[in-house]
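A.B. asks: In case you want the letters, here they are:
Protein chains: 4
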Amino acid sequence: MTGSQLQMILPKFPSCSYLENNPSSKQNILERLEGGEVVLGDGSYCATLEKRGYVKAGHYTPEASVENPEAVEALAYEYARAGADITQTFTYYSRDVGTPDDVNLTCGEINQGACNIAKKIAKEKGTIVAGGIVQTGVFSTKRDKKEVHEELREGLEVLIQNDIDLIIVEFFGNIIEMEWAIELALSYNKPVAATMCIGPKGDTDGVQPEECAVRMARAGAHIIGTNCKFDPFISLETMRRMKAGLDAENLHPYLMCQPLGFRTPDVNHFGGFHLPEFPFAMEPRQITRIEAAQFAREAYHLGIRVIGGCCGIESHHIRAMAEELAVERGGLPEGSRKSDHDLSTLKKKGDMGRDEFKMKGSKEYWQSLIPCTGRPLSSALNRTMNPEVVDRSVLN
Amino acid sequence: MTGSQLQMILPKFPSCSYLENNPSSKQNILERLEGGEVVLGDGSYCATLEKRGYVKAGHYTPEASVENPEAVEALAYEYARAGADITQTFTYYSRDVGTPDDVNLTCGEINQGACNIAKKIAKEKGTIVAGGIVQTGVFSTKRDKKEVHEELREGLEVLIQNDIDLIIVEFFGNIIEMEWAIELALSYNKPVAATMCIGPKGDTDGVQPEECAVRMARAGAHIIGTNCKFDPFISLETMRRMKAGLDAENLHPYLMCQPLGFRTPDVNHFGGFHLPEFPFAMEPRQITRIEAAQFAREAYHLGIRVIGGCCGIESHHIRAMAEELAVERGGLPEGSRKSDHDLSTLKKKGDMGRDEFKMKGSKEYWQSLIPCTGRPLSSALNRTMNPEVVDRSVLN
Amino acid sequence: MTGSQLQMILPKFPSCSYLENNPSSKQNILERLEGGEVVLGDGSYCATLEKRGYVKAGHYTPEASVENPEAVEALAYEYARAGADITQTFTYYSRDVGTPDDVNLTCGEINQGACNIAKKIAKEKGTIVAGGIVQTGVFSTKRDKKEVHEELREGLEVLIQNDIDLIIVEFFGNIIEMEWAIELALSYNKPVAATMCIGPKGDTDGVQPEECAVRMARAGAHIIGTNCKFDPFISLETMRRMKAGLDAENLHPYLMCQPLGFRTPDVNHFGGFHLPEFPFAMEPRQITRIEAAQFAREAYHLGIRVIGGCCGIESHHIRAMAEELAVERGGLPEGSRKSDHDLSTLKKKGDMGRDEFKMKGSKEYWQSLIPCTGRPLSSALNRTMNPEVVDRSVLN
Amino acid sequence: MTGSQLQMILPKFPSCSYLENNPSSKQNILERLEGGEVVLGDGSYCATLEKRGYVKAGHYTPEASVENPEAVEALAYEYARAGADITQTFTYYSRDVGTPDDVNLTCGEINQGACNIAKKIAKEKGTIVAGGIVQTGVFSTKRDKKEVHEELREGLEVLIQNDIDLIIVEFFGNIIEMEWAIELALSYNKPVAATMCIGPKGDTDGVQPEECAVRMARAGAHIIGTNCKFDPFISLETMRRMKAGLDAENLHPYLMCQPLGFRTPDVNHFGGFHLPEFPFAMEPRQITRIEAAQFAREAYHLGIRVIGGCCGIESHHIRAMAEELAVERGGLPEGSRKSDHDLSTLKKKGDMGRDEFKMKGSKEYWQSLIPCTGRPLSSALNRTMNPEVVDRSVLN
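Protein chains in written order, with this note's numbering: chain Y, 10 to 405; chain R, 10 to 405; chain C, 10 to 405; chain D, 10 to 405.
Simulated from the structure, these hints should not be mistaken for lab results. Wrong hints could be hidden among the right ones.
Taking lysine-lysine and the DSBU-like style, the derived pairs with C-alpha atoms no more than 30 angstroms apart in a straight line are [what the hints assert, rightly or not]:
#1 D/210 / D/132
#2 C/356 / D/151
#3 D/154 / Y/367
#4 C/210 / C/128
#5 D/151 / C/358
#6 R/358 / Y/155
#7 D/132 / C/129
#8 D/129 / C/132
Everything numeric in this text was worked out from a predicted model, so none of it was measured.
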């Protein structure tokens with residue numbers, strides 16, 4: 010969609026008030042969705058805290074929730090200020106990935122620290138506390154439901170003890186394990202969101218997005234969709250196919266999408282973590298806030314009502330999503346007090362005769378801008394990600 | 010320089026200890042430089058805090074030092090952890106740029122808040138507190154030394170009252186004003202660093218980098234160099250010419266460089282803030298930590314001993330610089346405990362048979378990687394920045 | 010497929026003899042295909058002669074067959090030398106596109122001139138004379154079979170009078186008109202090849218490639234496939250789907266592919282003539298001879314046995330195809346006497362110590378080379394060709 | 010220069026007559042230049058005939074002048090039709106580069122064949138016959154003037170015997186050898202043009218373009234400039250510096266420029282033949298006719314009055330140059346009868362409602378178009394050509 014087309018269908022910078030937090034009544038996500046709200050998730054913890062110096066690349070374990078709680082809290086606070094309605098606990102349970110050698114904390118200690126932080130933010134900012142469980146290591150070696158449940162139950166325990174508001178069953182690559190996980194999650198009588206880390210080519214067994222969506226819905230998840238691994242616009246393509254599958258079966262769960270904050274058109278079915286640039290040279294691929302807003306608009310247009318981000322999505326992206334959907338959400342986030350959300354400051358500079366800001370005070374300017382990369386030695390796509398003829402024919 | 014060439018001249022992952030802070034003896038930068046130390050500056054406050062939601066784009070004023078001191082402090086703490094030896098006060102004095110309308114703080118209040126934060130970090134982490142003054146608005150309209158001094162004196166006052174350790178006379182575009190500023194700064198009997206925001210094409214009057222350097226040195230600045238506006242490698246080109254000018258006159262001040270954290274080969278003499286992508290679509294141009302390390306290595310090789318960053322340089326870049334120069338600096342920064350500084354974690358993953366990490370455990374891999382942009386619709390350079398035939402012939 | 014993968018499955022520079030022409034026995038294409046031959050078509054006349062100054066851009070009419078027959082003949086001769094087994098008459102019949110105003114030749118005069126040239130080359134070089142008919146203007150306004158047949162019959166008349174060896178029913182965008190055209194062409198008792206100018210998204214009514222192929226085969230065409238409008242590798246994707254459709258119905262006509270000689274991954278279903286660069290700035294998209302050879306190899310692997318080119322394919326591309334398939338074809342084309350077909354000359358230069366030729370004497374070098382564009386201001390894809398969200402998600 | 014700027018200074022499609030050949034009076038180039046004419050050279054023979062199948066890559070020897078004279082003649086004819094005022098003999102003398110093994114022609118036979126062809130074209134089209142000599146192999150091993158003269162004299166002999174109209178002393182990389190060659194060439198009492206294959210970084214000894222130009226002029230060459238190895242716009246930069254050198258010494262020879270037809274901003278001082286893509290993957294770098302016209306306009310503006318091309322420049326480029334300078338040259342070339350030189354055909358198509366041609370009927374459209382490359386896997390510049398820090402800082 011071009012800038013001029015968007016102009017026609019979108020309100021331009023409505024005069025919005027700033028949203029007030031209302032901690033007492035906001036924690037039930039299903040009621041809010043039923044009421045027609047667009048709920049914003051938060052962005053990445055692991056990837057962002059790695060850059061800030063509190064998470065070790067390779068391990069990506071959340072011991073910072075205990076070691077540097079003020080850093081985790083500062084990030085959660087950023088997201089809430091930016092408009093996130095959800096604060097996800099910085100717990101990442103997996104038996105397989107150990108913490109760095111010099112960390113002597115138990116999984117329980119770390120996860121309790123994470124819950125403490127999320128609950129503190131929720132109390133102050135009125136956010137929904139969400140806790141996640143992810144695909145197990147055991148499933149990939151033997152597909153045993155009982156063992157999978159056992160491993161996932163360990164992860165859920167601390168979340169339930171802390172009485173979180175929403176369980177997110179996320180980052181599952183296979184629909185069978187996802188179905189088992191949903192079954193378990195539902196047993197705790199909490200709202201359950203289920204998101205798979207799959208792209209348009211489907212799950213690890215090749216089950217297509219349409220079928221994955223239908224099976225997640227039939228398994229009883231209240232909210233379904235995708236998270237991580239794929240770029241925002243490829244994730245929307247997956248979501249489009251999920252929705253088509255659901256529509257065909259007359260199923261209507263709430264939809265959710267939390268993609269990567271990186272442009273990865275070349276990732277094929279592997280996903281962005283297989284890119285040669287991962288994890289230390291991803292900057293040129295990071296999306297801009299303009300692209301984040303476009304993602305939010307297209308997601309909304311597609312009927313998605315829980316919109317957030319995963320690795321690479323930072324607070325200025327969440328804020329841009331909140332600003333893009335300010336009318337639909339009834340107001341601007343607190344953080345917009347410090348953002349040029351209506352471009353009035355840039356416009357004023359241009360009007361004052363500063364040539365380099367001429368044009369920059371309009372939403373159309375930014376929506377139609379294709380950013381340059383500053384990198385004449387770089388190619389757009391990575392050749393190693395396109396090994397097969399069938400892919401080269403499309404993407405070359 | 011290719012990866013294999015670098016390999017020959019660089020030590021590979023020496024086993025370094027972690028640096029201990031030693032607050033009592035470290036604050037005199039000139040003594041440390043005289044002792045042969047490589048001193049690291051910190052990165053951007055304005056640009057980074059804008060993304061985090063605490064500084065308003067367009068204004069770029071530092072009221073967060075009072076309004077959200079914990080966010081400013083968290084960032085200063087990040088830099089110190091990452092290896093920065095300097096903590097710069099988040100004061101940005103200029104009569105011309107007003108704070109946003111809803112801010113009712115005086116310049117003095119803001120700057121005092123900024124000093125408080127910097128001094129708190131310095132106390133805890135042993136960093137050198139630096140305060141900066143920048144080019145005035147009055148110089149561009151009338152070149153009156155007395156008025157320039159008056160305006161700069163206001164900015165210096167609070168810094169002196171707080172007894173900072175280093176005055177940075179920075180972001181000056183014209184050598185005449187710079188000479189006046191150095192004269193004033195020296196009157197306070199503090200170490201004085203002087204950095205101009207110029208590229209290889211020279212100052213606003215066309216005075217070449219060689220001459221600017223000589224005049225800064227003759228004006229008495231202890232440390233001289235460039236900051237902001239240009240990308241790291243273009244800034245090194247400017248520094249190379251400054252050094253050549255100084256060498257020709259047998260002048261030997263300490264050298265300093267704090268460039269942008271963005272690749273901007275197309276900026277010509279205007280600088281990166283004139284790019285169409287500024288300020289909301291700069292992500293694809295941001296440098297990687299690998300490029301930050303290369304910058305630090307080349308800067309060191311050129312004889313620069315105060316190395317840091319400006320807009321776009323974040324804490325993972327500073328950490329990468331500190332790790333690159335770990336041998337020269339006598340150890341790794343505290344933050345490296347949470348970084349895969351020797352790539353051993355990635356290497357282990359590759360060794361464990363995870364194909365996507367094969368090769369990634371080596372420094373050569375990352376040094377020779379040219380990152381893809383993920384953006385087939387984007388060009389490398391911006392045509393509007395190359396209006397003249399002479400430039401097109403080189404850069405097209 | 011990477012260079013190293015190709016190496017495994019491909020013979021490397023077999024010692025081939027040069028092919029001798031054998032005019033007496035070669036003109037029946039169906040017998041040759043039945044005998045297992047790979048038949049090469051020729052390349053573009055219109056586009057190449059436009060560059061050479063004999064065809065007017067915009068009109069693209071073949072009056073040069075009369076006005077400058079030596080230029081047309083020289084090009085046909087080039088193709089035959091390069092290995093083309095087919096010489097196509099430079100006749101382009103369409104009632105709608107008039108010749109330039111200053112041309113006072115009748116369609117019959119032009120087409121007779123074209124036949125004379127093709128027959129002269131065939132006599133000298135032993136090539137198969139092919140004549141083509143293309144989609145009519147009348148079909149797009151009213152779908153009347155009788156009128157379509159009438160218009161196509163005019164085009165076929167002169168070809169039949171000249172007793173050509175093969176009728177190519179080509180550049181049809183709609184399967185219905187194609188079926189009518191095949192029916193008409195078959196009535197002349199000549200071998201009939203039928204190629205559509207469609208991509209993976211199907212014909213002008215949205216009929217998919219699988220179905221188009223089946224319907225062409227059932228209509229009786231001896232050879233079927235695609236020509237023009239799409240780039241070589243996208244065309245192979247279309248061919249792959251055509252073959253899948255045919256296989257599913259157990260149909261086995263001979264397959265043919267004559268794609269554009271330009272990389273146009275961004276053309277969507279419109280085809281390359283809708284690109285902003287068409288017709289005067291297509292150079293950066295032109296394929297290399299290396300890519301032409303890769304196309305020929307992949308086409309052969311897919312079972313295609315009539316392989317040639319359309320606009321943008323020039324004689325060095327045809328020669329590269331012939332050299333790539335030298336073993337399968339039983340020898341090298343005459344033109345290879347003047348090509349470094351086995352890279353021995355480049356190898357020798359490298360061996361003699363000329364650094365810039367080191368490595369260039371190997372097939373792997375060229376197969377794995379990704380050519381640079383020399384154009385930092387250019388993007389890879391054209392944004393205006395990707396207007397819809399669904400496409401942007403894949404290609405952005 | 011942007012499209013809109015060009016619009017201001019350029020006439021738009023003047024109504025020009027077509028130029029009539031006037032064979033009797035046109036052969037003295039110096040008289041024509043004195044009369045204020047802009048003289049067009051022709052384009053590449055070697056590179057173009059290699060693609061067409063008559064010259065062997067690696068060898069690049071001109072035996073086609075005897076083996077396939079009709080192919081050489083056809084190309085020379087194309088250039089003359091396109092507007093070239095000069096027909097250069099397809100003689101390429103060098104003792105070092107032998108012809109392919111299977112060629113049993115003497116250098117004298119080949120060169121006589123080449124002269125025959127050029128004279129035939131000259132007779133028919135009224136072009137100036139030019140013959141060239143190039144740098145010797147002996148100079149690079151020992152700088153002996155007598156031996157250099159001996160080798161060059163062999164090359165000149167046949168040209169003088171054929172009484173050519175202009176000697177071009179071209180493709181010299183060192184100013185000393187160039188001075189010797191000019192001295193020799195002048196001894197034959199013919200007009201002498203002298204062009205060096207150098208870029209902005211100067212000759213093989215590092216002598217700068219300014220000094221090279223002055224020394225060529227002082228050596229007595231009537232026409233001086235550059236040819237080959239560098240792209241059109243980089244060559245103009247070299248010419249700009251040559252002119253500055255000449256102006257400073259108050260020297261005013263005629264200026265000439267015959268660059269590569271490829272964009273090679275990354276070649277540094279080595280030149281385009283050192284690119285990894287040379288010779289088989291240069292297509293993406295080839296200039297468009299639009300760029301050829303821009304080159305001609307800028308060259309004219311700079312005072313260059315002999316404008317032509319070298320490797321990669323084909324007849325549509327020469328025609329575009331002739332059309333761009335039609336007013337200055339007094340008319341359009343013969344070949345423009347078959348080119349859409351005033352874009353009227355494209356305009357008509359757009360006016361008839363064909364959306365894809367909307368806008369394409371204007372010169373501004375084409376002048377402001379930045380062509381896409383169609384190659385998401387390709388980078389703009391080649392990293393191996395930029396090995397040094399100083400270059401990376403400018404070009405990265």
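A.B. asks: Could you run down the list of hints and mark each one as holding or not?
C.D. replies: Cross-check of the supplied hints:
A distance of roughly 41 angstroms separates the Cα atoms of residue 210 of chain D and residue 132 of chain D; the hinted pair therefore is violated under the 30 angstroms criterion. Of the pairs offered as hints, the one joining residue 356 of chain C and residue 151 of chain D holds, with about 27 angstroms between alpha carbons and a cut-off of 30 angstroms not exceeded. The straight-line distance between the Cα atoms of residue 154 of chain D and residue 367 of chain Y is roughly 62 angstroms, outside the 30 angstroms bound, and the hint therefore fails. For the suggested pair residue 210 of chain C and residue 128 of chain C, the alpha carbons sit about 37 angstroms apart, so the restraint of at most 30 angstroms is broken.
Distance check on the hinted pair: residue 151 of chain D and residue 358 of chain C sit about 21 angstroms apart at the alpha-carbon level, within 30 angstroms; holds. Taken as a hint, the residue 358 of chain R and residue 155 of chain Y pair is honoured in the structure, with Cα atoms around 28 angstroms apart against an allowance of 30 angstroms. At most 30 angstroms may separate the alpha-carbon atoms for a hinted pair to count; residue 132 of chain D and residue 129 of chain C meet this at roughly 29 angstroms. Note on residue 129 of chain D and residue 132 of chain C: the hinted pairing holds, with a Cα-Cα distance of about 29 angstroms set against a maximum of 30 angstroms.
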